[in-house]
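Line by line, the protein sequences are chains A and B. Here the first sequence stands for residues 55 to 170, numbered as in our numbering. Here the second sequence stands for residues 55 to 170, numbered as in our numbering.
Please keep in mind that the hints were generated in silico from the structure rather than gathered at the bench. It should be emphasised that the depicted structure is a prediction, and the values quoted were computed from it without experimental measurement. Fair warning: there could be bad hints in the mix.
Since the list gives no way to pick out one identical chain from another, each pair is judged satisfied if it fits inside one copy or across any two copies.
[Unchecked claim] List of simulated lysine-lysine pairs, DSSO-like, C-alpha gap at most 30 angstroms:
hint: 1; residue 1: K88; residue 2: K78
hint: 2; residue 1: K97; residue 2: K78
hint: 3; residue 1: K90; residue 2: K78
Protein chains: 2
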Amino acid sequence: MSAINLAMKLASFSEYWQPRTVGKFNGYDLMVVKVKGEFVWHKHDDTDDFFLVLEGRLTIRMREASVVVGPGEMFVVPRGAEHQPVAEEEAHILLIEPTGTPNTGDARTAAVRREA
Amino acid sequence: MSAINLAMKLASFSEYWQPRTVGKFNGYDLMVVKVKGEFVWHKHDDTDDFFLVLEGRLTIRMREASVVVGPGEMFVVPRGAEHQPVAEEEAHILLIEPTGTPNTGDARTAAVRREA
Numbered sequence: 055m056s057a058i059n060l061a062m063k064l065a066s067f068s069e070y071w072q073p074r075t076v077g078k079f080n081g082y083d084l085m086v087v088k089v090k091g092e093f094v095w096h097k098h099d100d101t102d103d104f105f106l107v108l109e110g111r112l113t114i115r116m117r118e119a120s121v122v123v124g125p126g127e128m129f130v131v132p133r134g135a136e137h138q139p140v141a142e143e144e145a146h147i148l149l150i151e152p153t154g155t156p157n158t159g160d161a162r163t164a165a166v167r168r169e170a
Numbered sequence: 055m056s057a058i059n060l061a062m063k064l065a066s067f068s069e070y071w072q073p074r075t076v077g078k079f080n081g082y083d084l085m086v087v088k089v090k091g092e093f094v095w096h097k098h099d100d101t102d103d104f105f106l107v108l109e110g111r112l113t114i115r116m117r118e119a120s121v122v123v124g125p126g127e128m129f130v131v132p133r134g135a136e137h138q139p140v141a142e143e144e145a146h147i148l149l150i151e152p153t154g155t156p157n158t159g160d161a162r163t164a165a166v167r168r169e170a
């Protein structure tokens, strides 16, 4: 049993928009992801969507507003709300989602879930 | 709608072991807490216990092992496992618990849940 170092986990891969599971919590996956550029617009009807920015800056576009999330900042997209994560420069994020949640909101286009 | 800045929330209070709710996620409270010294031994039978250290260093003593969690590190105490959080110097932690979970494992001794 040991602590999970998020920076070390992030250093172990380089692909963007491919979350890596680093821990489990009550049926949720604790994941780190590197992002850059525009992700697809999507929504999750069954879960809120948790973002904590560890490094860099993430813009979360929603239909009614956009939120800029910087390092040490957190944002929760309410379930059902369409959103598009965007990062001009590389950013590192902690995500928490119920195990099995497709990152695009659609199992057909979702990233394969891997561990880091 | 705006991002939640964890350092700003932490700067708004000074008491130790008094978690402040800063957001909600799927029926969970997202909380920040300042800790220093020894907390009580306790356990949560109904939930895992999520710790992410934002600043400082937290030792989580368990019956079989101890884990040291530094800045940018995360640890999940499995449900039912007795544990005692300890910090020699002040540390700042992000906690995630189902809304209503007593921080001591016992509603009679738990900190009153407040927002920050």
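Item checked: Index of numbered hints that the structure contradicts, given in increasing order -> none
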